[in-house]
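A.B. asks: Listed below, chain by chain, are the residues.
There are 2 protein chains.
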Amino acid sequence: MKISELGGETALINLIQEHYGVTHGGDLELGIGDDAALVKSGDRFLIITADLLVENTHFRMNAIDPYLLGWKSAAVNISDVAAMGGTPTFSFVSIGLPDTEVSVVEDIYEGMRDVSSKYGSVIAGGDTVGSEAGIVINVTQLGEVEPELAARRSGAEPGDAIIVTNTLGDSRAGLVLLLKFGLDQAKMISSYLVERHLKPEPRVEEARAAVATGAVKAMMDLSDGLAADLPKLCKASGVGARVYGQKLPISDQLRAAAETGHKDPVEIAEGGGEDYELLITCDPDNADAVVGAIINSGSRASIIGDVVPGNEVTLVSSEGVEKPLGGSWEHF
Amino acid sequence: MKISELGGETALINLIQEHYGVTHGGDLELGIGDDAALVKSGDRFLIITADLLVENTHFRMNAIDPYLLGWKSAAVNISDVAAMGGTPTFSFVSIGLPDTEVSVVEDIYEGMRDVSSKYGSVIAGGDTVGSEAGIVINVTQLGEVEPELAARRSGAEPGDAIIVTNTLGDSRAGLVLLLKFGLDQAKMISSYLVERHLKPEPRVEEARAAVATGAVKAMMDLSDGLAADLPKLCKASGVGARVYGQKLPISDQLRAAAETGHKDPVEIAEGGGEDYELLITCDPDNADAVVGAIINSGSRASIIGDVVPGNEVTLVSSEGVEKPLGGSWEHF
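Taken in order, these protein sequences are the chains called A and B.
Numbers 1 to 332, taken from my numbering, label the letters of the first sequence in order.
Numbers 1 to 332, taken from my numbering, label the letters of the second sequence in order.
Treat the hints with caution; some may be incorrect.
To be verified - Quick list of in silico lysine-lysine cross-link-like pairs, DSSO-like style, CA-CA up to 30 Å:
{"#": "1", "chain 1": "A", "residue 1": "LYS2", "chain 2": "A", "residue 2": "LYS118"}
{"#": "2", "chain 1": "A", "residue 1": "LYS2", "chain 2": "B", "residue 2": "LYS2"}
{"#": "3", "chain 1": "A", "residue 1": "LYS40", "chain 2": "B", "residue 2": "LYS118"}
{"#": "4", "chain 1": "B", "residue 1": "LYS40", "chain 2": "A", "residue 2": "LYS118"}
{"#": "5", "chain 1": "B", "residue 1": "LYS235", "chain 2": "B", "residue 2": "LYS187"}
{"#": "6", "chain 1": "B", "residue 1": "LYS2", "chain 2": "A", "residue 2": "LYS199"}
{"#": "7", "chain 1": "B", "residue 1": "LYS187", "chain 2": "A", "residue 2": "LYS40"}
As the list claims (entries may be wrong) - Partner residues are not named here, just some residues of chain A that face chain B (Cβ under 8 Å, in silico):
{"#": "8", "residue": "ALA37"}
{"#": "9", "residue": "TYR109"}
{"#": "10", "residue": "ARG113"}
{"#": "11", "residue": "VAL122"}
{"#": "12", "residue": "VAL129"}
{"#": "13", "residue": "LEU175"}
{"#": "14", "residue": "ILE189"}
{"#": "15", "residue": "SER191"}
Treat the hints as calculated values from the structure; they're not laboratory data.
For glycine and all other residues, C-beta sits at the position ideal for the given N, C-alpha and C.
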């Protein structure tokens, strides 16, 4: 049986998790299945997360600036640390390289170093090897969090308010522009949307501000899109969710681009991946405090729906029609 | 300028280390440049190391048993933890997969799990993604060590005795047999040498026993071969070394295979990579204690030479001729 016949990436991850990984035990507070693992370490939790990027699967060198490739490969890991409520500390970069131009390698590292240093982390090790299969980058990011502030996917309860930071769908719209028009023209149409796709900003301060309220019950980052990620949070928490199309935060730029392309901006906000915004649940009485804390850290925050009993995750359209929150961002 | 023009892998690593990484500062006790990084963590040092393997560069699926691929990819990282004097705790596995047979993926994970569990570690997380570029595996291994027992490459001093565990060159000889005769015939010639190549055993207990004597001044594991690795230890310590061909520990099986192939077994022991044995220096007065501790843990240990002032690393042949310790195991 091939991976595709098993049911793709998600089915494979479940199988690996069940048979070969551990979810907790000893110093392991939280293993496979969240944005990152948590390991007890003195009076802190150590946070560990990893992301693997493979050339021609996850990026194409003729379509990406090496600096931005480096930025993104580190940023997505820092975003996972933020999703646990923590601060990033050290990254370990494994890179496989054909006999590439050294300046390309330097640009990649410069991007990684810049986003790391912007969010308080440094490159502390890794592995550098040859590769006949194009460029391969794995970043393993460490971070730390106070045990009482650590956020998991599994704490949501029916009645909770669901909050997201900033706006959704911008990255997806930026990707569509890039694929359709190429970098230069896409930037002319909307440099904002293109930048949102190429240069994600991990929400470290926003996450720290949110957990500091003591009110966050569940949190994750939106890497695969709301429609793919909210069900993961719900599954981990054993709950369902209802979100409202009208409440999804949509940027003016996305609205304009969607109008030009005769697309529904809500659908893009719902299904678009690589937002790297935070998805949070908390008691509705605390929602204003969490939203306020995020706004004080410099970002937007919006209440987009509620956690409900059961296991259904639905979207209520502006016409009041409820349908399963749709779409996904699978690789296989 | 291409990587090959810069001077290959080593030159690139030096450039990355110099411009983009950090070697210490804050909680980072030891960064890029040793077998693993050390991070202060409560009353312990956290050990972090990573290894990246790319299909058709580091392994070929038509020539390797997936179980042994998994075993080796975890074992080489556990060996790096041992090289710091520590015990392995958790591994984080990033794997990129084409639409492969699920049983192949399971075999890889089984190998990783078996070697991890044999040496006290568990798989606690990672990343599973699609890959158009063949199978890609990055293992990031964590471990821990008491600060007073942590071993580095940089502590060797002139006059120190140089010790290695077990025998050298077996893995290289096993590889030569595999390439020349294929698996089945190679195993018939020497299953010992083939196994030494395919299924390395990290020397965790030996390393723990050695550092527990309090006498280890420098330590690393032999991944690229004595001729490539001893100069790295010497460079980190600012010393030279002189080893004796006659004292290099050589297995009977290597001796026999070398004789059949009209090769010099000393040359294979000197230049062969992937031994995953320990290379240790200590005060000559303590050499017997270190050797004895390693023997008590179930392995051989041999004094193969001395640390000397300067920066030359030489081999004295059985005829008394001294020459630079030669050969290397570079990728580019």
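A.B. asks: Against each hint, give a clear statement of whether it holds in the structure.
C.D. replies: Results for each hint:
1. A:LYS2 <-> A:LYS118: 42 Å, violated
2. A:LYS2 <-> B:LYS2: 38 Å, violated
3. A:LYS40 <-> B:LYS118: 22 Å, holds
4. B:LYS40 <-> A:LYS118: 22 Å, holds
5. B:LYS235 <-> B:LYS187: At roughly 38 Å apart (the allowed maximum being 30 Å), LYS187 (chain B) and LYS235 (chain B) break the hint.
6. B:LYS2 <-> A:LYS199: With a Cα-Cα distance of about 27 Å, the restraint between LYS2 (chain B) and LYS199 (chain A) holds, given a limit of 30 Å.
7. B:LYS187 <-> A:LYS40: Not satisfied, since the Cα-Cα distance of roughly 45 Å exceeds 30 Å.
8. ALA37: 4 Å, holds
9. TYR109: 4 Å, holds
10. ARG113: Hint holds; ARG113 (chain A) Cβ to chain B Cβ min 5 Å, cut 8 Å.
11. VAL122: OK, holds: VAL122 (chain A) within 8 Å of chain B, min 5 Å.
12. VAL129: Interface hint status for VAL129 (chain A): holds (5 Å vs cutoff 8 Å).
13. LEU175: 17 Å, violated
14. ILE189: With a closest approach of 29 Å, the ILE189 (chain A) hint is violated.
15. SER191: 27 Å, violated
Against the hints set out earlier in the document, violations occur for numbers 1, 2, 5, 7, 13, 14, 15.
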